[in-house]
Amino acid sequence: MNWWQRLFRRTKMENQLEKELRFHLDQHASDLIAHGLSPDEARRQSRLALGGPEQAKENCRDARGTRWLEDLLRDFRYAIRMLQKQPSFAVVALLTLALGIGATTVMFTLINGVLLKPLPYSDPDKLVSVNGQSDRWNAEIFGEQNVAYLDFLDCARESRSLTIAAALYNGGTVSEPGEPEYVDLREISSGLFSVLRVPIVQGRSFLPEEDRQGAAPVAILGSGFWQRHFAGRTDAVGSSVVLDGKRFTIVGIAPAGFKLFGDEADIYTPVGQDTARYLRNRAAHPMHVVGRLQSGTTLSQAQNELALLGHHLAEQFPDTNAGRTFQVRSLRPNVGNVGSKLWLLLGAVGLVLLVACVNVASLLLARAVSRERELAMRAALGASRGRLVRQCLTESAMLGLAGGLLGVLIAADGIRPFVQVWPGALPRAEEVRVDWHVLLFAFGVSMLSGLLFGLAPALRAPFSNLEQKLRTGARSIAGSSRRLHGIFVISEIALAIILLVSAGMLGRTLLHLSSLDAGVDVRNVLVTRMALSPATLADPAKTRAAWKDVLARARNVPGVQSVATVDTFPMRAGDNEEGYWTSADVPPANKLPFALLTSVSPDYLNVMRIPLRRGRFFDDHDTVESTPVIVIDDVLARNAFGAQDPVGKRLWIPDMGYGGNVFEIVGVVGHVRHWGLAGDDQAKVRAQIYYPFAQLPDGFMHRWSELMSIAVRTEIPPLSALASLRSALKGVAGDQVLYEVRTMEQLASESLAEQRFLSLLFGIFAGLALLLACIGIYGVLAYLTGQRVPEIGVRMALGATARDVIRLVLRQSLGMVFGGIAVGIVTALAAGRLLMHTVDGMQSTEPSTLILTIPVLVLAALLASFGPALRASRVDPVTALRQD
Amino acid sequence: MAEKSDLPQGTLDLLILKVVALGPVHGYAIAQRLEQVSRGVVQVPQGSLYPALHRLENRGLLAADWEETESGREAKFYRLTRKGRTQLETEAATWQRLIDAVGLVLKLSEGGAE
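Those sequence lines, one after another, are chains G and V.
So our numbering is basically just the index in the first sequence, starting at one, shifted up by 1.
So our numbering is basically just the index in the second sequence, starting at one, shifted up by 343.
Hints listed in this document are in silico derivations from the structure and should not be mistaken for laboratory results.
This one's a predicted model, so the numbers in the text were calculated from it and none came from an experiment.
Distance condition first, Cα-Cα at most 35 Å in a straight line; then the derived DSBU-like pairs of lysine-lysine:
1) V:Lys-361 with G:Lys-20
2) V:Lys-426 with G:Lys-13
3) G:Lys-58 with V:Lys-426
4) V:Lys-450 with V:Lys-361
5) G:Lys-20 with V:Lys-426
Okay, chain G solo, but in the shape it has when bound (with noise of 0.2 Å):
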C-alpha cells in the first residue's frame, strides 16, 4: 500500500489491525487454557503480555509513517469543534491575534517594499554607483560628492570594468506646448537608459553624437509630463517643445513610474550639449554617476580601477583634483533616513503582536486547566505526552494561522491609506504592496505566534498522576497554573508600559519643539519658488531688472505688506554652506568652520520678522559698487566673536567667489531654525551669513535667478493672495512661473510631522497594548478568582467582609501589575534611548514622562480586576463549600 492508500483506507485497516490483535489475544488465551488457567485469567494474562489492546495499537499506527499527516487532519477537525463550541473565546482570540499579526504585516508590508525589494531595473546587483571623496573637505559635513562632468568623461572612456552614465538634477521653464510650465529637467549622458536597461517605450534613446555640444537639441520626454502636455499621443515623437526659449525634437518617451534616483523627471536632454561653464569645471561635481559592471568584473575590481583612475587625474590635474578619489558602491534605492523609523514602528508593532500572544496564551491556559480531565481521559486511553502537545500546538497554529488570514486581509486593505498618511512622501511608497514575501512573513508570524502563546499550555499537558487527575476536578490542581498566569501579566503589564512610556516621551517631544521660536513669524507668509523670463535669463543687467520689477509688481498686489527675494528657506530642502574665518591667514577647507548662506533683498528681515539684534541690516545701499557686507546670526557672532560686538569686523569666505572673499558684518540678527523645529539643534551646520542679492557680481546673476524664491508677508490668509500674486509676476512674455508653493506655517508644520506621525503611532500602539494587557489582566484575574471559590467561601464562613474579599482579589492583581511595571520601566529606558537615536530633537526620559503614564496603566488594571474581585465578594459561603 502506497502511502495514500493508508490515509484514505483508514476504516479498512483499522478493522484489519482490530482484527489482527483479536486473533493474537484469542489464541494466546487459547493456549492459557490448554495450560490450565481459568478462561477469564488467560483473558488477562493476555491482554497484560500484549500490554494493552489500545496502546499496541496505538503503535502500530505509528509504523504507519503517515501517522503525523492523519493526526494533523483529525487534530484540526478537533481544533474546529473546539472552537465552535466557545465562540466567544474564538472571537476574542481571532481578533486580539488579527490586529497584532495585521499591524504587523503593514508595517513589514513597507519595510519590504521601501528598504528590502531591489531596484526596478533588470540586475540590479550589477548596478554600481560612484561618488567623489576628497581629503580635502570636511568630510562630517559634506560627506561623499558627485562628480566633476569631465572626471566622468575621462571615467567612462578609461574603464574597462563598468560602463558608466551620468545626469544632472535641472529645472526649467517649459513654455510650448501649453501653459507655461517650470518642469524637473535631467541632463543625462547618452548611455543613461542602457545601463539601467530600462527601453524607452515609444522612438529611441539619445545617440552619443547628440551627446555633444553643438548637436540638434533633442529630449525625452518623462511619461507623466508626456500625458499632461500630449495627452499621450503618440505623434509627440518628432514634434517639440520649447524649454527655456530653446526648441528640442522629441526623439523618445520614457517608460510609465521610470524613476532616475528616486524621483520622476518631466524632461531628459543631452548633458554633453549644455555649454554651462561649470561643467568644464573640475572643480564643481554635479554629476550623478551610476555604472554597471561588465559581465565577469566584481565590485572590487571596479573600485580599484576607479581609484586608479582618480589617482591618474590628481597627478594630471592637482589644482582641481588632488586628493580626490571615487568610491563605487552598489546602487541602493536613495530612502533617505525613512529606514530606522520603519524599524521603530515594526519594534513597536512587535510588541503590540507580543502583547496580543501572551493574552491568548493566558485565555488558552485558562481553558487547558479546565480541560486537563479531558487531556488526562486521553492520556489514559493511549495517547503518548507528544502526541498531546502536538494536538495542542495544531489548536494554537491554528488559530495563529486564522488570526493571520484574517490580519493580512486587514494589511492589504489598510496598507495604501497607511502609506498616504505617512508624513512628506514615502520613499518608493509605488513599490509598496502586498507580494508573496509579504505574505510568507505573514505565514512565518503566524505559525510563530502560534507557537508562542501554545507552547505553555500544550506543555501543561498532563502526563504523570494520571489517576490522581482522573479522580479529582479540575479546579484543585489549578495551584501550579496560578505562577503562570502571574508571569503573563507581568510581561502583557511591562510590554504596555514600553509603548507607553515611548508614546509619552513622543508627546512630550512634540510639545516640546511646537512651542519651540522658529526664529521667523511663520504667519501669514507665503514662499514660492519663482523662474523669470527665460529671455531675461541672457543678460545680467536685464536679470537685475526684471527682480527689481518683481518684487514692486509683487508689492502692489492688494494684501501684499512686504516681498523679499530669497534663494534659500528655512524648514525647506537646499542650502549653501560654506567655510569662513575671522582673519585672513584661512586654514585648509577641512579645519574651517561652515556657516549657512543666504542670499536675500533689503525686505527680507521684515518679511520673515526675523529680529535684528545689532548693526543694520541691508538696505539699497549695497551694491556691485559698494563695499561687500554681510549679515550673521547671534550663533555665528557667539561662535567666532564670543562676547565681542561683530560689528564692523570681517570675515574671510574663501569660496565665496567676489569681493575679494572678505566681507564686513554690519549687523546681527537672530538665528532662524534653518532645520526645521525639530532638527536644527542637531545639525552639524547652524551659523548663518545672509549677504545681499544686489551685490552679487553679473557673472552669477543665471545661476542665482535659476535658484531664487520669493517671500511674501501678506495681510490677509497667504493662499488668497496667489492668484493674483500669480497674474501679477507673469511677466511680459506670459513666460515666468511660480512653484513648489508653500506657506511657512505648513513648512513649521511639516516640519514637526514625523514626530506628530510617530507620537500618533506610538499612541495607538500604546492603547492598544493596554487595552489587551487589561482584558487579560481581567481574564486571567476572572478565571484564579473563579478557582478560588471554595477557598473564598471558607474565608468569609469564618468572618471574612465582602470589603475583605475585594482587597484580597485587588492585592493579588496590585502585586502583579507592580511586578510589570518593576520590570516594564526597565525596558523602557533602554527603549527611550533608542528612540532618541532615531527621532530628531527627541527629548531623553524624564520621570514626569513615568509619573504622567504609569497611574495611567494602574487605574485601567485596577478597573479590569474589579469586576472579578467584585463578584468574588457575593460569592455564597455556603453554596461554595458545597462545591467540592
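Starting from the structure of chain G, add chain V where the hints point.
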C-alpha cells in the same frame, strides 16, 4: 513509541525477518517461535512485536495476506519479499561480524594485549 525491549536495538527486526523467512506465518506464531527457538532467553515484548511487523510491512520487507489457519479462523500471514530477503542476508552478515568482533575482544586475557 515502542516500549523498551530487552533485545539490543534493531535485533528484533532481524529476528522477525529470520522467522518469517522459514515460511508464511502469523504474528502470534512469530512470538511463539522466537520464544521456543531461543529457549526462553529472548523475551519478545508482545507490545512491540506488532508495531515492528507493521513497520517492516510499510518498508516493503514483509508482505501480508489474510489466510485461514488450521483452526479455520482468518489470520494475517506475513511472508518475506525479495527486498526483505536481501535485507535479511546483509543484516545477518553484519550481525555475525559484530559477534565475532565482540567475541574476540572479550577473549582478551586480563593481563592485557598479548
